[in-house]
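Chemist: So the chains spell out like this:
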Amino acid sequence: MKIRTPSTATGDRLILLAVVLLAAIWIAPIVWVVGLSFKPNEVLMRTTGGLVSPPFTLKNYTDILNSSAVFGWMLNSAIVAIGQMTLTLILASLTGYGFARTNFPGKRPLFLLTLVALAVPEQAIIVPLHTMFATLDLHNTYIALITPRLAFPFGVLLMTQYFRAISPEIEEAALLDNASRLRIFIFIVLPLSVPAQATLGIYTFLHAWNDYFWPLVSATRPEMYTLTVGLASMQTNFAQTEGLGFLMAQAVFAGLPVLVLYLFFQRHIVAAVAGAPTR
Amino acid sequence: MGGLSLRGLSKSYGSLDIMRDLSLEIADGEFAVFLGPSGCGKSTLLRMVAGLEAPTSGEIHLGNRRIDAIAPGERGVAMVFQNYALYPHMTVKQNMAFGLRNVGTPRDEIASKIAIAAKMLEIAHLLDRKPGQLSGGQRQRVAIGRAIVKQPEVFLFDEPLSNLDAALRSRTRIELARLHQRVQSTMIFVTHDQVEAMTMATRIVVMNHGRIEQVGAPMEIYRKPSTRFVASFIGSPSMNFLPVVQAGESDGRALVRLADGTVVATEILSASVPRSGEMTLGVRAEHVTPGSGTAARVDVVERLGERTLVYAIVDDGSTIVYDEPGDVAPAIGEHVRLSLDPANVMLFDAAGLAYHAEPRA
Numbered sequence: 001m002k003i004r005t006p007s008t009a010t011g012d013r014l015i016l017l018a019v020v021l022l023a024a025i026w027i028a029p030i031v032w033v034v035g036l037s038f039k040p041n042e043v044l045m046r047t048t049g050g051l052v053s054p055p056f057t058l059k060n061y062t063d064i065l066n067s068s069a070v071f072g073w074m075l076n077s078a079i080v081a082i083g084q085m086t087l088t089l090i091l092a093s094l095t096g097y098g099f100a101r102t103n104f105p106g107k108r109p110l111f112l113l114t115l116v117a118l119a120v121p122e123q124a125i126i127v128p129l130h131t132m133f134a135t136l137d138l139h140n141t142y143i144a145l146i147t148p149r150l151a152f153p154f155g156v157l158l159m160t161q162y163f164r165a166i167s168p169e170i171e172e173a174a175l176l177d178n179a180s181r182l183r184i185f186i187f188i189v190l191p192l193s194v195p196a197q198a199t200l201g202i203y204t205f206l207h208a209w210n211d212y213f214w215p216l217v218s219a220t221r222p223e224m225y226t227l228t229v230g231l232a233s234m235q236t237n238f239a240q241t242e243g244l245g246f247l248m249a250q251a252v253f254a255g256l257p258v259l260v261l262y263l264f265f266q267r268h269i270v271a272a273v274a275g276a277p278t279r
Numbered sequence: 001m002g003g004l005s006l007r008g009l010s011k012s013y014g015s016l017d018i019m020r021d022l023s024l025e026i027a028d029g030e031f032a033v034f035l036g037p038s039g040c041g042k043s044t045l046l047r048m049v050a051g052l053e054a055p056t057s058g059e060i061h062l063g064n065r066r067i068d069a070i071a072p073g074e075r076g077v078a079m080v081f082q083n084y085a086l087y088p089h090m091t092v093k094q095n096m097a098f099g100l101r102n103v104g105t106p107r108d109e110i111a112s113k114i115a116i117a118a119k120m121l122e123i124a125h126l127l128d129r130k131p132g133q134l135s136g137g138q139r140q141r142v143a144i145g146r147a148i149v150k151q152p153e154v155f156l157f158d159e160p161l162s163n164l165d166a167a168l169r170s171r172t173r174i175e176l177a178r179l180h181q182r183v184q185s186t187m188i189f190v191t192h193d194q195v196e197a198m199t200m201a202t203r204i205v206v207m208n209h210g211r212i213e214q215v216g217a218p219m220e221i222y223r224k225p226s227t228r229f230v231a232s233f234i235g236s237p238s239m240n241f242l243p244v245v246q247a248g249e250s251d252g253r254a255l256v257r258l259a260d261g262t263v264v265a266t267e268i269l270s271a272s273v274p275r276s277g278e279m280t281l282g283v284r285a286e287h288v289t290p291g292s293g294t295a296a297r298v299d300v301v302e303r304l305g306e307r308t309l310v311y312a313i314v315d316d317g318s319t320i321v322y323d324e325p326g327d328v329a330p331a332i333g334e335h336v337r338l339s340l341d342p343a344n345v346m347l348f349d350a351a352g353l354a355y356h357a358e359p360r361a
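Same order as they appear, the protein sequences are chains A and B.
Just so we're aligned, residue 1 is where the first sequence starts under this note's numbering, counting upward by one.
Just so we're aligned, residue 1 is where the second sequence starts under this note's numbering, counting upward by one.
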């Protein structure tokens, strides 16, 4: 039994205070962004202070909704994010199961290669990737936006470790129950790995939704922009001396789907960040 | 239905031999228990029968079929695992139905088989629960139920009682024995617990270092262990072992001398015993009687209720344990004299081979 002493209670309070402080520091810019998004652009040209004082406006949001391209970009982002998430889950699960449960020549070097791939930064391969897709004439297509991210070593590693943790006896019981390897994978292993799938799925979706670099390189035609690239293209000038409220509204707008996703999958997202799959 | 025949089975992992040239016949309807210490190869043997491990060489036959090369699910065997291995995401009913669904059993037939098994195992009220909502004992029943519905020719049990508490374990032992009487299928049960083996088996297969040490009915193995290993592994308390030297013969029966000089006249034919080499005398606690004989000092007294075990130290420092009635026991440190029943002592040579008493004509 844990005994609470006055000193541990004080310690807990200090930790709580520190956490609240850190959270306040972290949330301050977000509050500022949301606040600015409701301010008229003309006011913001003079000052960006006075968040709580009128005038307020919804014009920045109506401007976004009036821009016909935004919903197209949002659809692009959704297609890319859902496509990337689905295909990554399929590939990472199959690969992870292969690494975790089957034996084949070259398994170990292949797994090491996957681990090594974790250390390759995105920037290092962006030029060859661009050249490759240019050669194949695939830029400005969903294929180009989705496929480069499918080779996702972290996903493979996550699924491999998760499958390894599932008791082999359960699969052996299924073998004795006359189930084929594929049936075992679909009816036993996949349902048991739902927490890891959720973790990986959410991570992949958020990553794809927020991705800016590769879509910026690959999607050069406005109708193929994802939301991040599209919103950035609406910035009028680099210093953003005008239309600051509009820009802030765009940032809030782009973040809304992620916020909704977070509300539904909070438990799994926390687990994903903490690195501990929930069971 | 049919018996199980293991012929010349060997299993190696790389250069490590786990089992070499093991052969065994298990009759149809038999309750065979593979008994041995951890790492003796008993679970490996069971897994080879199940098809979860491939033998390096040898054959496994079930009835008239050779089964060692066919898939586990097609062998006609069902297995209950040590940790039950229930599918955690499925309800009890789905767990029991999974194997039947895989072979295309009609839905109503599945339902009726599950209902019969659930009634037999008294788990009908648990059918819609998931394994996580069940106690250890209930999970165990479900695992047995999952095996029963498949109506296998052979049931395989891999230490299924080891995760249960003592009371539940003894109750489940009785239930398994009852189940065997009811379904009349061949059952193979793996355990390291000699009590489980003695209470349930129609035949015990004692294994050690990947070899079969002895096969026999429980009391046969208890009374006439073929090796010192078997003698020490079967029985609680373990058999007493005392170093002896041969002291000639009397009426064709071997005489041996204990360390304190006491001569024990055994009923073992002296002609059957090797003339030279180290010998060890083995005697069970119930065949040691206080009164006259070799001197010993009482060291520990264990009261078990219906009887009391007395551990006494003899002259050469060996410990000898003997039985007293439940409410009678000497004091610790007391000097006693112990006599050994000549008809029930046995001798073991240096290689551990046993020599038993022969009744007189």
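Mixed in with the good hints there might be a few duds.
[Claimed, not checked] Just the calculated beta-carbon pair ranges, DEER-fashion:
1. A/I126 with B/L16: 43 to 53 Å
2. B/A177 with A/L263: 23 to 33 Å
3. B/I70 with A/A151: 33 to 43 Å
4. A/P55 with B/Q133: 24 to 34 Å
5. A/T8 with B/Q133: 47 to 57 Å
For the record, the hints were derived by calculation from the structure and aren't laboratory data.
Cβ coordinates follow ideal geometry from the N, Cα and C atoms, glycine included.
Chemist: The structure should be examined with respect to each hint, and the outcome stated for every one.
Modeler: Verification of the supplied hints:
Evaluation of the 43 to 53 Å hint for A/I126 and B/L16 yields a pass: the beta carbon distance comes to about 50 Å. Look at B/A177 against A/L263: about 56 Å separates their beta carbons, and that is not inside 23 to 33 Å. Between B/I70 and A/A151 the CB atoms are about 39 Å apart, so this pair conforms to the stated range of 33 to 43 Å. At roughly 59 Å, the beta-carbon separation of A/P55 and B/Q133 lies outside the given 24 to 34 Å, and the hint is violated.
Checked against the given bound of 47 to 57 Å, the beta carbons of A/T8 and B/Q133, roughly 35 Å apart, lie outside it.
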